[in-house]
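A.B. asks: Listed below, chain by chain, are the residues.
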Amino acid sequence: MIGVSAGSAAMYQAMTSLGFAADSGYQGPIQLSGAPSGASVLVLGAGIAGLVAAYELRKAGYQVQVLEYNSRAGGRNWTLRGGDRYTELGGFTQECQFDPGLYINPGPWRLPYHHRGMLSYCKLLGVQLEPFVQCNYNAFLHRTKAFGGKPQRFRTIKADYHGHVAELLAKTVQSKNLDASVTVEDQERLLTSLREWGALDESYRYAAGPLSSDRRGFEKDPGGGLGGRPAFSEPLQLREVLRSGLWEALTLCDVYDMQQTIFQPVGGMGMVGQAFARELAPLIRYNAKVIDIQQDDHGVAATFQDTAAPSAGRQTVHADWCVCTIPLSVLGQIPMKVGAPMANAIAAVPYAAAVKVGLQFKRRFWEQDEQIYGGITYTDLPISNIGYPNSGFFGDGKGVLLGGYLWGLDAAKFTAMTPDQRVAKAVEYGSQIHPQYPKEFDTGVAVAWHRSPFTMGCFGMWTEEARAAHYDALCAIDGRIVLAGEHASYLPAWQEGALMSALDAIGRLHRRAVAGAMPS
Amino acid sequence: MNIRNVGIRIRARHALAAGMALALAGVTAQPAWPQEEGVGMFSTGKLKTISGAEVFQNICQGCHMPDGKGASGAGRYPALAGDGALASTKFMAVTLLEGRRNMPAFGGTGDMGLFFSVPTLDDDQIAAVINYVRSSFGNHFKGRITATEVKALRRPSTDRLLPAH
Numbered sequence: 005m006i007g008v009s010a011g012s013a014a015m016y017q018a019m020t021s022l023g024f025a026a027d028s029g030y031q032g033p034i035q036l037s038g039a040p041s042g043a044s045v046l047v048l049g050a051g052i053a054g055l056v057a058a059y060e061l062r063k064a065g066y067q068v069q070v071l072e073y074n075s076r077a078g079g080r081n082w083t084l085r086g087g088d089r090y091t092e093l094g095g096f097t098q099e100c101q102f103d104p105g106l107y108i109n110p111g112p113w114r115l116p117y118h119h120r121g122m123l124s125y126c127k128l129l130g131v132q133l134e135p136f137v138q139c140n141y142n143a144f145l146h147r148t149k150a151f152g153g154k155p156q157r158f159r160t161i162k163a164d165y166h167g168h169v170a171e172l173l174a175k176t177v178q179s180k181n182l183d184a185s186v187t188v189e190d191q192e193r194l195l196t197s198l199r200e201w202g203a204l205d206e207s208y209r210y211a212a213g214p215l216s217s218d219r220r221g222f223e224k225d226p227g228g229g230l231g232g233r234p235a236f237s238e239p240l241q242l243r244e245v246l247r248s249g250l251w252e253a254l255t256l257c258d259v260y261d262m263q264q265t266i267f268q269p270v271g272g273m274g275m276v277g278q279a280f281a282r283e284l285a286p287l288i289r290y291n292a293k294v295i296d297i298q299q300d301d302h303g304v305a306a307t308f309q310d311t312a313a314p315s316a317g318r319q320t321v322h323a324d325w326c327v328c329t330i331p332l333s334v335l336g337q338i339p340m341k342v343g344a345p346m347a348n349a350i351a352a353v354p355y356a357a358a359v360k361v362g363l364q365f366k367r368r369f370w371e372q373d374e375q376i377y378g379g380i381t382y383t384d385l386p387i388s389n390i391g392y393p394n395s396g397f398f399g400d401g402k403g404v405l406l407g408g409y410l411w412g413l414d415a416a417k418f419t420a421m422t423p424d425q426r427v428a429k430a431v432e433y434g435s436q437i438h439p440q441y442p443k444e445f446d447t448g449v450a451v452a453w454h455r456s457p458f459t460m461g462c463f464g465m466w467t468e469e470a471r472a473a474h475y476d477a478l479c480a481i482d483g484r485i486v487l488a489g490e491h492a493s494y495l496p497a498w499q500e501g502a503l504m505s506a507l508d509a510i511g512r513l514h515r516r517a518v519a520g521a522m523p524s
Numbered sequence: 002m003n004i005r006n007v008g009i010r011i012r013a014r015h016a017l018a019a020g021m022a023l024a025l026a027g028v029t030a031q032p033a034w035p036q037e038e039g040v041g042m043f044s045t046g047k048l049k050t051i052s053g054a055e056v057f058q059n060i061c062q063g064c065h066m067p068d069g070k071g072a073s074g075a076g077r078y079p080a081l082a083g084d085g086a087l088a089s090t091k092f093m094a095v096t097l098l099e100g101r102r103n104m105p106a107f108g109g110t111g112d113m114g115l116f117f118s119v120p121t122l123d124d125d126q127i128a129a130v131i132n133y134v135r136s137s138f139g140n141h142f143k144g145r146i147t148a149t150e151v152k153a154l155r156r157p158s159t160d161r162l163l164p165a166h
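So the protein sequences, as listed, match chains A and B. Its first residue numbered 5, the first sequence is counted upward by one per residue in the numbering used here. Its first residue numbered 2, the second sequence is counted upward by one per residue in the numbering used here.
Hints in this document: simulated from the structure, not taken from any laboratory.
DSS-like mimics (lysine-lysine), calculated; alpha carbons at most 27 Å apart, straight line:
no. : chain 1 : residue 1 : chain 2 : residue 2
1   : A       : Lys154    : B       : Lys47
2   : A       : Lys149    : B       : Lys47
3   : B       : Lys152    : B       : Lys91
4   : A       : Lys402    : A       : Lys443
5   : A       : Lys149    : B       : Lys49
6   : B       : Lys70     : B       : Lys91
7   : B       : Lys143    : B       : Lys70
8   : A       : Lys443    : A       : Lys366
9   : B       : Lys152    : B       : Lys47
Just so you have them, the derived chain A footprint on chain B, three or more residues with Cβ under 8 Å:
no. : stretch
10  : 58-72
11  : 76-90
12  : 103-115
13  : 118-130
For each residue, glycine too, the CB sits at the ideal point set by N, CA and C.
Based on the sequences and whatever the hints tell you, model everything.
C.D. replies: Written out as structure tokens, the structure is:
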């Protein structure tokens, strides 16, 4: 109703306060046009930032060349499928043996509804999207020391935590302890809401019965006919729920970046990079390892080695301008003619360790045995997540799940292993949650991002202090060179951050080009 | 990727492990498991060993490789084998404490304001792994560094507010 009576500014303000408009700031398709005649741009890196930059700059009328280290486009936007071969730093090679149609996304796996830039380009490029199940009430929450290591269903912990808290708060209201904080009328409303929220009975108690079973699940589900009578389940005690610590995982679906509806590309996240690659095919040079980036008053020059033809020696490409999207982990080692502020910024950001493990099983036992259809199980085991596939439900064939999504020290340890060891360890850990693992396990792959030859890490780790000291210098145009990528954004590790940084960078670069500005 | 600060700062409280190491046999340097199992995404990022070899095998070799020879892709991880810079234990200690370019600081609190902790090493561990690396992979550098000497090199913050050294 707000928009009906207010002007657009007031509406935006109201939307912001309601949380609707606080997204990536994507304003819709960038409208760049009128590139100076014959002007050229060199884009370094064909990840999301480089691909978006190349796409829009070409549309604006620039001559665009893209240099990409890998033999494919997408960078971290990537899907591993059966038949793919991946060699990590150190020479450890994996040959993915997944069945046709099955895959794992070693990098990003989901697109929030408010990442409107990514969603917009997916639509533009014809990349089909489907829902990613973030919140599955029937998935597990697990801690090795909670309930003897027996995984609990999300619905059980959520219902019992809310129910007991609601009961306590109702008691507090009824004993007049909130009179100073809440009006009498509001206390009535609060009590009514607590009954609803906590599934409390008419005595404002959270107890075994139809109401609590309707949230947490039944001892015996209602059925039909003579044997159809349900049996109600007994709630866990509050102390058990609190001490289990499993409540820590209850809000993981509530965070803005994880809220449903959240999406994934049909067929794998890498479909986005592949779609861009088709669109930009003549512009992209693959297997190009950039080893030097120079600029002067007249233009930029990037020297590269063709890793597919090492005997060809070094080659240099020239352009008027450069959008450099190379991850800082790599860029910091490439001689680049920029000023100290940008150079210091590049050197200030180490990359985070992360590991993803994809495991193929002979049957979708999580569906057939556990009725878990998509979604995520959370655990305090080093694997931290088991992510069930969000497509192909009820299939009789094999299935691939995310068998581990590791961070911090656990990621470092897994990075230090061989791929086979990572897969074996993920199977070992997952067996504590799904005893079917050892019998049904088929094959697996594991990507440790510090051993990825093209990123040497997962994403740039900014601290608040580092951003205050270096971020603006990183993003500013230096002569003829501007940087872009998730590292040049306030959405670290999100593709939307890479995309938004690219749009911002090329907008500024284009203005400079059109104005004929010369570097000082 | 989907890493944002989810607003949940989770710190697991866990009892000290009793003899957790899983000894793995084999010619290649397979990591032992000195950290208590079961800390996962809530991990405080602390490896429970003061063996330089175990620190190396659990963390360092991820980048510097099990043979200490580094690796090269779009960029490179330097070799520790035969690296003349290792002659300076002080240089190594400062590098481990504060990081250098893509190498993170291992001397911090582990808290980067992210939803996960980064690995941290204490003075004993830093001294142990320095001494290990300088006497392994064909290296025969003289002298050793002590935990006390490492501690003396710590600065109040590992933030890289100063130009890269």
